[in-house]
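Asks: Each chain is listed here by its residues.
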Amino acid sequence: MANMSLEKNKMPEQDPIVRSANYKEVALGYTPEMAMDEARRCLNCKNQPCVSGCPVNVRIPEFLSLVAEGKFLEAAAVVKSTNSLPAICGRVCPQETQCEALCVRGKKGEPVGIGRIERFVADYQMEHGAEKPEVAPPNGHKVAIVGSGPAGLTCAGDLAKLGYDVTIFEALHTPGGVLVYGIPEFRLPKALVRKEIATVEALGVKIVSDMVIGKCITLDELMQEQGFEAVFVGSGAGLPNFQKIPGENLIGVYSANEFLTRINLMKAYDFPNHDTPIQVGRTVAVVGGGNVAMDAARCAKRMGAENVYIVYRRSDKELPARAEEVHHAKEEGIIFRLLTNPTRIIGDEQGRVKAMEVVEMELGEPDASGRRRPVKKAGSEYILDVQTVVIAIGNSPNPLIKSTTPGLECESWGGIVADEETGRTSREGVYAGGDAVTGAATVILAMGAGKKAAQAIDKYIKGKR
Amino acid sequence: MFPIVKKRVLNPTVTYMEILAPHIAKKALPGQFIMLRIDENGERIPLTIAGYDREAGTVTIIFQKVGYTTYTLDTLNEGDRLLDFVGPLGIASEFEGMKNVCVVGGGLGVAIAYPQAKALHDLGATVDFIVGFKTKDLIILEDEFANACTNLIVMTDDGSNGHQGFVTAALQEQMEAGAGYDTVIAIGPLVMMKAVAEMTRPYGIRTIVSMNSVMVDGTGMCGCCRLTVGGVTKFACVDGPDFDGHQVDFDEAMARARMYHAEEAESMKKHECRLTGGIR
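These protein sequence lines map, in sequence, to chains A and B.
To convert, count from 1 in the first sequence and add 367; that's our numbering.
To convert, count from 1 in the second sequence and add 60; that's our numbering.
Source of the hints: derived by calculation from the structure; they are not laboratory data.
Positions of the beta carbon are idealized from the N, C-alpha and C atoms, including for glycine.
One thing to keep in mind: the hints can contain errors.
[Said to hold, decoys possible] Here are the simulated distance ranges between beta carbons: (1) E100(B) to D382(A): 31 to 41 Å; (2) L183(B) to V575(A): 31 to 41 Å; (3) E568(A) to K329(B): 38 to 48 Å; (4) S419(A) to D113(B): 54 to 64 Å.
[To be verified] For lysine to any residue, the following SDA-like pairs were computed, each having C-alpha atoms within a straight-line distance of at most 20 Å: (5) K86(B) to Q591(A); (6) K294(B) to I760(A); (7) K634(A) to A322(B); (8) K634(A) to H321(B); (9) K573(A) to H83(B); (10) K87(B) to P766(A); (11) K86(B) to M578(A); (12) K769(A) to K294(B); (13) K294(B) to G761(A); (14) K611(A) to E326(B); (15) K611(A) to G718(A); (16) K721(A) to H321(B); (17) K611(A) to G657(A); (18) K87(B) to P773(A); (19) K769(A) to K87(B); (20) K634(A) to M328(B); (21) K254(B) to N616(A); (22) K254(B) to G718(A); (23) K634(A) to K330(B); (24) K611(A) to T288(B); (25) K330(B) to P644(A); (26) K721(A) to E326(B); (27) K86(B) to M590(A); (28) K330(B) to P639(A); (29) K697(A) to D683(A); (30) K769(A) to D299(B); (31) K294(B) to G781(A); (32) K330(B) to D637(A); (33) K87(B) to E727(A); (34) K294(B) to P613(A); (35) K743(A) to Q717(A); (36) K721(A) to A315(B); (37) K573(A) to D144(B); (38) K87(B) to M590(A); (39) K634(A) to E326(B); (40) K562(A) to E100(B).
From just these sequences and the hints, can you work out the full model?
Replies: Here it is as structure tokens:
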């Protein structure tokens, strides 16, 4: 008999006041009892709407019924058969707009906490499982992957399982891409990312760090000189966008990428034990309303800022961040200045930020994205006293590969043109996916693209013979 | 890991190192840079490539001890290894159409201007190479410099080598004497590059500067190295490091270069601690 409670089992969390001063994980995870109880809320629907909502098609009812029976390792195996990074997805996927959005239980009450249970089984397997992954015998074909973020890791893992000789090239010194430089420790512990990457390496995937494809080696050299028969480009959303308002180059204005990279990858919160510095003022304004903006704001709080503002030009309803992240940010005392947009940043005589002028906005007619367009309220400008500004309004793809790969077709805004179903680009043997193609999106969409590309690459290489 | 295969102390503050990194040596060109990280807790710093030996697979870096990382780098010796060494990054210098060039190097810039002078000289251009030092005892690489140009002018701030003045004074003298340069390349401290750009502006001489901004990743991802060129924001790491000196907003660049001075001072205390047997 299913558990007919209308509410999800609550996720145990660190107290907001305590956690806003530490970098430990906020959500603490289900106990086995909670996971089993939550899994019993699944009705095992015949048509399984949840599965079609998952970009990597995890067989959700199947793994939930195993969890309900307490067969956690078996459940993990089911998840892992289609999702190579479940501990990460269980934490950062926007389940509320994917699998859980389609859950029948959600029609009356809350949907099944699929993400929380996925996280539980992945963590359980890391702790208790020791099975060796199944790998096909080597087939002698070499594939190169550019970028070790979620798209690249997924593509690499899937190809390695099929017997390919896979090498990932990573530009930074540590693999993981946005999972290590972008998403903060308190949302996604780095030790866990390392473990997930180790499981991909256990499949035989080689990872070469400090290698900037397009600079150190070009795509053509990989294919012509190093014998790679196909390349998957998952180089991510590289270049940070700025607002193009006066004062953006003042000292104390950071792109979210720089702010988060200094803190997460370079561990500037531990300066001077770690050598990379960062400056966080008493009052910080983060411009933008996505998950990255929430991450930056919550990091600023943990760096000791007294007041942290989210400055976003639309209203609460349009915030692109996950509801859970907004909720967590509010709990931690982040102040939301909605329907507000910066007009200029003001510096002192040393060129350091001392204030930001903002203007109130109101929502007008819907724009091309279907959202109501924010319009300035004339004469409503006012000054916010801030010492640090973080611009979190998105990224554009990195130009290094585009500019050094002749014949690789790109959109005018920089994204690589790739077929949605296969990741195929305008260059034979070159596939692409993730943020490099779509612009900044989610971990799971990148993984979905990596997965489809792996299948297409397999088909392409087999078809060549 | 990247072994240090050769180390020479050029003067009390400037050190020369050759690092074994064949894949970088194979592709490096004048004007490009590398990012390095010494150890696990280290910061990533950019250094201009000062030379390369494609056969030996080595890349030369020349650095001045200015902060914690460069002081620590200087404590390493031949046989020691750097944890990370990435490159070549940035766009290589463009020498097309340059026939009569003055290369100006000030401060550490003398070392990193050397590959530019040499490349131009090898291409057959007439190259005046003006370098400046505080005093005679700090002059480095004089023979190498002499072989990389048509005419070497060595200036000292105190005149101890017989040629007193800043590099800009020498440049002014050359231009007034009708040197007729088609291009001036200035590499060194921001204040020097700014002065050179101001000096050549009335002559309308194309002036190229190499911007050594603060960087984190060096691949375009963070935007820390941004600067204003002709009113537009550019990233030194992927759009440069060479820019039109007449278009660069040097005042802004100088402010941004001072960003972490307080933190540098704090780090240096840690360095003194380390040298005197303190922690880490």
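Asks: Now tell me if each hint is right for this structure.
Replies: Quick rundown of the hints versus the structure:
Here the CB-CB span from E100(B) to D382(A) is close to 32 Å, well matched to the stated 31 to 41 Å. Restraint check, L183(B) to V575(A): a C-beta distance of roughly 34 Å satisfies the suggested window 31 to 41 Å. Hint check: E568(A) to K329(B), Cβ distance near 40 Å, so the stated range 38 to 48 Å holds. Evaluation of the 54 to 64 Å hint for S419(A) and D113(B) yields a pass: the beta carbon distance comes to about 58 Å.
Between K86(B) and Q591(A), the direct Cα distance comes to roughly 16 Å. Compliance with the 20 Å bound is thereby established for this hinted pair. With a C-alpha separation of about 18 Å, the suggested pair K294(B) and I760(A) falls inside the 20 Å cut-off, and the hint holds. Note on K634(A) and A322(B): the hinted pairing holds, with a Cα-Cα distance of about 18 Å set against a maximum of 20 Å. With a CA separation close to 19 Å, the supplied pair K634(A) and H321(B) stays within the 20 Å bound.
Restraint check for K573(A) and H83(B): the C-alpha separation of about 18 Å stays at or below 20 Å, so the hint holds. For the hint linking K87(B) to P766(A), the alpha-carbon distance of about 19 Å falls within 20 Å, and the restraint holds. Taking the CA atoms of K86(B) and M578(A), the gap is near 14 Å; set against the 20 Å cutoff, the hint holds. Restraint check for K769(A) and K294(B): the C-alpha separation of about 18 Å stays at or below 20 Å, so the hint holds.
Proximity of K294(B) to G761(A) is assessed by CA-CA distance (about 17 Å); at most 20 Å being required, the pair is judged to hold. As the CA atoms of K611(A) and E326(B) are separated by approximately 33 Å, the hinted pair breaks the 20 Å bound. Between K611(A) and G718(A), the direct Cα distance comes to roughly 17 Å. Compliance with the 20 Å bound is thereby established for this hinted pair. Simply put, K721(A) and H321(B) have alpha-carbon atoms about 18 Å apart, close enough for the 20 Å limit, and the pair holds.
The suggested pairing of K611(A) with G657(A) holds, with an alpha-carbon distance near 19 Å, which does not exceed 20 Å. Of the supplied pair hints, the one linking K87(B) and P773(A) holds, its CA atoms being roughly 18 Å apart against a limit of 20 Å. Distance hint between K769(A) and K87(B) is fulfilled; the C-alpha atoms sit about 18 Å from each other, no more than 20 Å. Between K634(A) and M328(B), the direct Cα distance comes to roughly 18 Å. Compliance with the 20 Å bound is thereby established for this hinted pair.
With a C-alpha separation of about 18 Å, the suggested pair K254(B) and N616(A) falls inside the 20 Å cut-off, and the hint holds. Taking the CA atoms of K254(B) and G718(A), the gap is near 18 Å; set against the 20 Å cutoff, the hint holds. Of the pairs offered as hints, the one joining K634(A) and K330(B) holds, with about 17 Å between alpha carbons and a cut-off of 20 Å not exceeded. Simply put, K611(A) and T288(B) have alpha-carbon atoms about 12 Å apart, close enough for the 20 Å limit, and the pair holds.
The hinted pair formed by K330(B) and P644(A) meets the criterion: a straight-line CA distance of about 13 Å does not exceed 20 Å. Restraint check: the Cα-Cα separation between K721(A) and E326(B) comes to about 23 Å, which exceeds 20 Å; the hinted pair is violated. At roughly 18 Å between alpha-carbon atoms, K86(B) and M590(A) fall within 20 Å of each other, so this suggested pair holds. Between K330(B) and P639(A), the direct Cα distance comes to roughly 8 Å. Compliance with the 20 Å bound is thereby established for this hinted pair.
A distance of roughly 12 Å separates the Cα atoms of K697(A) and D683(A); the hinted pair therefore holds under the 20 Å criterion. Of the pairs offered as hints, the one joining K769(A) and D299(B) holds, with about 14 Å between alpha carbons and a cut-off of 20 Å not exceeded. Between K294(B) and G781(A) the alpha-carbon distance is near 16 Å, which keeps this suggested pair within the 20 Å criterion. The straight-line distance between the Cα atoms of K330(B) and D637(A) is roughly 13 Å, inside the 20 Å bound, and the hint therefore holds.
In summary, the hint linking K87(B) to E727(A) is not supported, as the alpha carbons are separated by about 52 Å, beyond the 20 Å threshold. Between K294(B) and P613(A) the CA atoms are separated by roughly 15 Å; this keeps the pair inside 20 Å, and the hint holds. Among the hinted pairs, K743(A) with Q717(A) is inconsistent with the structure: their alpha-carbon atoms are about 31 Å apart, more than 20 Å. Annotation: proposed proximity of K721(A) to A315(B) holds, straight-line Cα distance about 15 Å (limit 20 Å).
Between K573(A) and D144(B) the alpha-carbon distance is near 18 Å, which keeps this suggested pair within the 20 Å criterion. Proposed proximity of K87(B) and M590(A) is supported: the alpha carbons are some 17 Å apart, at most 20 Å. For the hint pairing K634(A) with E326(B), the CA-to-CA distance comes to about 16 Å; that is within 20 Å, so the pair holds. Taken as a hint, the K562(A) and E100(B) pair is honoured in the structure, with Cα atoms around 19 Å apart against an allowance of 20 Å.
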